[in-house]
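S.K.: Residue numbers (UniProt numbering), protein chains in the order written: chain A, 1 to 348; chain E, 1 to 348; chain C, 1 to 348; chain U, 1 to 348.
It is possible that some hints are incorrect.
Partner residues are not named here, just some residues of chain E that face chain C (Cβ under 8 angstroms, in silico) [claimed, not checked]:
| id | residue |
| --- | --- |
| 1 | 187 |
| 2 | 195 |
| 3 | 232 |
| 4 | 244 |
In the DSSO-like style, the derived pairs of lysine-lysine whose C-alpha atoms are separated by at most 27 angstroms in a straight line are [to be verified]:
| id | chain 1 | residue 1 | chain 2 | residue 2 |
| --- | --- | --- | --- | --- |
| 5 | E | 343 | A | 40 |
| 6 | C | 343 | U | 164 |
| 7 | U | 164 | A | 164 |
| 8 | C | 22 | C | 89 |
| 9 | U | 343 | C | 40 |
| 10 | E | 22 | E | 89 |
| 11 | C | 36 | U | 164 |
Honestly, the hints are just simulated from the structure, not real lab data. Built from N, CA and C at the ideal position, the CB exists for glycine as well.
Protein chains: 4
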Amino acid sequence: MVRVGILGASGYGGAELIRLLKGHPEVELVGFSSRKHVGKPLEAAWPQLWDGALFAPQEEVLERAEVVFLALPNGLSMEIAPLALREGKRVVDLSGDFRLPPEVYEAWYGIPHKSPELYEEAVYGLPELHREEVRGARLVANPGCYVTAATLALAPLAAVGALKGGFLVGLSGVSGAGREGEGTFFAEVNENLKPYRAGGTHRHIPEMEANLGRVLAQGRWPRTHGPRAELRLSFTPHLVPMTRGILLTAEAEVEGHWDQARLEGLYLEFYQGEPFVRLLSDLPQTKATYASNRVDLRPLYEARTGRVLVFAALDNLVKGMAGQAVQNLNLMLGLPEDLALPKEGLWP
Amino acid sequence: MVRVGILGASGYGGAELIRLLKGHPEVELVGFSSRKHVGKPLEAAWPQLWDGALFAPQEEVLERAEVVFLALPNGLSMEIAPLALREGKRVVDLSGDFRLPPEVYEAWYGIPHKSPELYEEAVYGLPELHREEVRGARLVANPGCYVTAATLALAPLAAVGALKGGFLVGLSGVSGAGREGEGTFFAEVNENLKPYRAGGTHRHIPEMEANLGRVLAQGRWPRTHGPRAELRLSFTPHLVPMTRGILLTAEAEVEGHWDQARLEGLYLEFYQGEPFVRLLSDLPQTKATYASNRVDLRPLYEARTGRVLVFAALDNLVKGMAGQAVQNLNLMLGLPEDLALPKEGLWP
Amino acid sequence: MVRVGILGASGYGGAELIRLLKGHPEVELVGFSSRKHVGKPLEAAWPQLWDGALFAPQEEVLERAEVVFLALPNGLSMEIAPLALREGKRVVDLSGDFRLPPEVYEAWYGIPHKSPELYEEAVYGLPELHREEVRGARLVANPGCYVTAATLALAPLAAVGALKGGFLVGLSGVSGAGREGEGTFFAEVNENLKPYRAGGTHRHIPEMEANLGRVLAQGRWPRTHGPRAELRLSFTPHLVPMTRGILLTAEAEVEGHWDQARLEGLYLEFYQGEPFVRLLSDLPQTKATYASNRVDLRPLYEARTGRVLVFAALDNLVKGMAGQAVQNLNLMLGLPEDLALPKEGLWP
Amino acid sequence: MVRVGILGASGYGGAELIRLLKGHPEVELVGFSSRKHVGKPLEAAWPQLWDGALFAPQEEVLERAEVVFLALPNGLSMEIAPLALREGKRVVDLSGDFRLPPEVYEAWYGIPHKSPELYEEAVYGLPELHREEVRGARLVANPGCYVTAATLALAPLAAVGALKGGFLVGLSGVSGAGREGEGTFFAEVNENLKPYRAGGTHRHIPEMEANLGRVLAQGRWPRTHGPRAELRLSFTPHLVPMTRGILLTAEAEVEGHWDQARLEGLYLEFYQGEPFVRLLSDLPQTKATYASNRVDLRPLYEARTGRVLVFAALDNLVKGMAGQAVQNLNLMLGLPEDLALPKEGLWP
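Chain A on its own, in the form it takes in the complex (with noise of 0.2 angstroms):
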């Protein structure tokens, strides 16, 4: 049993965090904590958990636990890892603090960083990517939910040297903007629909474009075309009147002769094996990946315009964020990767 904390206890990411970790039966946890709700029950925050225990101060979490969950606004968590990590303490961190060089970070979030020498530290916890850095990590960055599906949706193209550009089209339920995001009541979303952050704006870009520079620059696929320029993506997020679920639609311009049988065979083999991604048939839909730790994907050869169609589903709160932090804790702990994560969602 590994002694398990969540730093950031009043948000989504932290609720979810907290019904993994408590049917995780490696883990057990030992505090929780919300400046908010310090001293209150859980079940005060939290109506759907059954449960007494009360917000604990952030220094008795951090105090008490091995590995530590920083669920925590951007800005925040570059300030607790540091004392965290000094601390003996491994940390995941769900914020954008450590997945951005330090510069590129400032510029994009308007945040100084405090703690610029850790990001060279932090491994980036997309495990379908970087599953034997996060191993031995000390402190995971873990990624978002837009930024999960668009990279595993394109990670493939990129490998091979054939993603020249997208147009990548993000569409989140609401639960995405957190428990009392701004622009989120019920009376104005509900039988609404709309874009945001476009044209250029939103910070999950420059995330996305790095990572998938990143996938070429590993090298572990033969690059079956021609060196490429830096990547440039569009990406353009829009709310959708659903709690969960985030679909994401890419047009990616590619390289070389593609039809739908080659296209289906680079992902086929990219992804063989992952415990967490699905490679459909048919086109994916986010309710099937409710509640549940997967990905679903669908590559589409587009013969009209030659280019090619990805489309990626998965739950916001599950593999694009809390899930996705357990897949990360299973793997710095040496367990089975989809130990207490469910493969399968919820339905209807």
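Dock chains E, C and U against the given chain A, drawing on the hints supplied.
M.R.: Below, chains E, C and U without anything else, positioned relative to chain A:
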């Protein structure tokens, strides 16, 4: 490991059983059948499941299993249950076929009963009231969502003889109507709310009345009030624009002098130690029980009218259907009653 | 053309008034105010409106208008109504300030009443019961959604002296809680259902009781049953995951011998010729009244219990708020009562 | 008063036509037909309408009307339109039968065309582009929701010859699939999101391409860029869990040097004076167009990629169907184009 099979895996109840049983450590799921899907892979019918197993013919499932779940339409279970019992299988029936005395069944369901002799043997599978009987049962009649909510909401008052009458309003998500339920197209259900089968015509009414009468007859609780005439309940179901969840709001006409403290005392005592009944100090909400096997209850004394309000929330596909069936299975097998059954919900 | 102004145009009621009044052939909308938005264009607050007009200061609107709608929070109307009346304006107040006797108001709303003398003059603006009084009124107290539904549902039984008591369940879409109502974030309301202010604490209860008592006291209908003691209603509101619409389900305890034919006869006679009350032979559903000023009613005799069920559906922002206010305006101005008010709904 | 009839009043388009035409001051609605409902009262099929009129046989409607709306399935209009024209009626057809050259129609719809000779006469009823032709038309082919959105979104760029290609993502509410559309059960659509007919197979694609080619060919705008090869668009529709509303998100590949100011200038000039096109300075959202005949547009220059994003929102049953048909009717009759058509939406 016990070999378990499911007949009728094309409906939501069947799918939910598959999901729960696949995660059950003492169960080997040896087959599932559906006339509609026989020979097809599970995923073709259920995109949330990641499993290449094929729907099997009914006979095969019956043959392989030691315990059989019947998730069949009313009228079919009464044909198949005797066959299964004759082969030495134990049966959990999710239909209405064995929940009521045959003559009452025929009057309310309009279906001639083909196995009336089995009614006597069938155990009514509401564990909170009939736990001991279920343990030894060969045939369990698993109650449905509205009846489970109504019975658990009013059982304490009934047990002490205080329940004189009740006006019950049931509010149900759409999944209660089945996978392709009549009148459940999205565009006509969304942003809509309607009563149905009003005026004392819903066939769950006699089951509720019988259950509450039986609680009194059991005599396990000190009767604090005089003998009761036959109980007559008013029950009005409504369709609500959501997928899962039932809320039951009951106004009980009560005998004797009540106040909030005495009321809460009765419920606390009655449900003490129950693994799946939670008494709230706040009002229940369906979302808190989402995907869990829990019932949330709240009795409230209304001083202005001298009536008692009781609110009950549950997930109609779990505690109101498949979860309760697994709870009964656990009892039948002498396993911990809560094995493989979530007590906590999914939020948001 | 009558010059009309709106104070409090930042809420849903105000916006709905603007929409209805812009389509009114006898109204010139001379201004609308909002403390929050003053000086900003209408479109900045209300993206559905295509109108560059600016939110004006309150005094300007008051000065320009002959008739003023007050769509203000409880407690504010009682300050502004006397000013407007003193300037010779006529007033339709959408708040609760003039709906109840000041001492009752203070007890239920917890707000000291600053214009108790105006209560006597204020006309209760439910046209179906007080049409003639509204025509000559200077100050109309426009009733809200639950009360309109409950009163119209039970008025016929009350009028003949047959109503002994009632258990009322109100089911409301989220817009009833206002634009940024507490506890109305999408992710927590969607796929959720909950009662609130249960136990006889909702402040619409005394208004319902008073209305039904007044119907009896009016003595316009032959009293077929004996004198009534003070009526006590039980009312339990619920929040339903939809935006617009109210369904009221009432179980009435009645005196005398009733059957379905007699019941329908009473309702048909009582509401004969009403432009906005439709009696259905089927059960009502909220969607059928969407964006209309109609109420759909259905009384149902429940033989098993001897009780009467009545169902009422309406759009809480139209007949339950802004539409009813315009209906009152039409009466005050001697115009056709249904001018510029839709009798038919939007579907789907 | 013009005598107008509707064939095919059992679908959402027909019902919306009835609602709009009943409020039209220059129209006498002389009949509506539906094979399914003939002889039944309107309310039996459409609970939102309060009207005892009966569904009439098709021949009766045809005989009484001067102008006929055909809200029929694809393949039926081509049989009935010639009959109506022969009798001297004018026709607005809401199906796809006269929108494409017969050979293209046959290739994409898989239906042999029975009235190919009428295609030449039919006027494509998108008023913003073909206002003058519609005025004199006997037969108008009324475009659908996706095509209206896509065409209006990209027409300005096409008109000046700058549009080289485009990746279009369509997001639609469920009512676009019709009253009992396949795969639109609430429990499977709610909390779900999915693409459909992806990969260049949706039959609105050739219509979009043809429309944009025609804008260029009209030559009404100064062509600022070189001659275009045939335009090939990628279009991927998605089903979103809401009832009404379409959002089109387009990434346009453009020729020439663009920036935000030049882009907005072009759109402002192109749509100057249009009664139903609103250019926003913010991003569109579908709810703002709910129940209105308006299209909200926003072009956005994306500097990082050099592409142009255009967002369009409309109500698929109004501007995308019945409202546009009434707009065409107004033009055909020489009436104000916006008569009886709401420019403003319903919120919330």
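S.K.: Next step is simple, just say for each hint if it's right about the structure.
M.R.: Evaluated hints:
Because the beta carbon of residue 187 of chain E sits about 4 angstroms from the nearest beta carbon in chain C, less than 8 angstroms, this interface hint is met. Proximity of residue 195 of chain E to chain C holds as hinted, the smallest CB-CB distance being about 5 angstroms (cut-off 8 angstroms). The interface hint given for residue 232 of chain E is met, as the beta carbon of that residue sits about 5 angstroms from the closest beta carbon of chain C, less than 8 angstroms. Interface hint at residue 244 of chain E: satisfied, since its Cβ lies 7 angstroms from the closest Cβ of chain C, which is below the 8 angstroms cut-off.
For the hint linking residue 343 of chain E to residue 40 of chain A, the alpha-carbon distance of about 21 angstroms falls within 27 angstroms, and the restraint holds. As the CA atoms of residue 343 of chain C and residue 164 of chain U are separated by approximately 49 angstroms, the hinted pair breaks the 27 angstroms bound. A threshold of 27 angstroms between alpha carbons decides the hint, and for residue 164 of chain U with residue 164 of chain A the separation of about 18 angstroms falls inside it, so the pair holds. At roughly 20 angstroms between alpha-carbon atoms, residue 22 of chain C and residue 89 of chain C fall within 27 angstroms of each other, so this suggested pair holds.
At roughly 21 angstroms between alpha-carbon atoms, residue 343 of chain U and residue 40 of chain C fall within 27 angstroms of each other, so this suggested pair holds. For the proposed pair residue 22 of chain E and residue 89 of chain E, the alpha carbon gap of about 20 angstroms is at most 27 angstroms, so the pair holds. Among the hinted pairs, residue 36 of chain C with residue 164 of chain U is inconsistent with the structure: their alpha-carbon atoms are about 45 angstroms apart, more than 27 angstroms.
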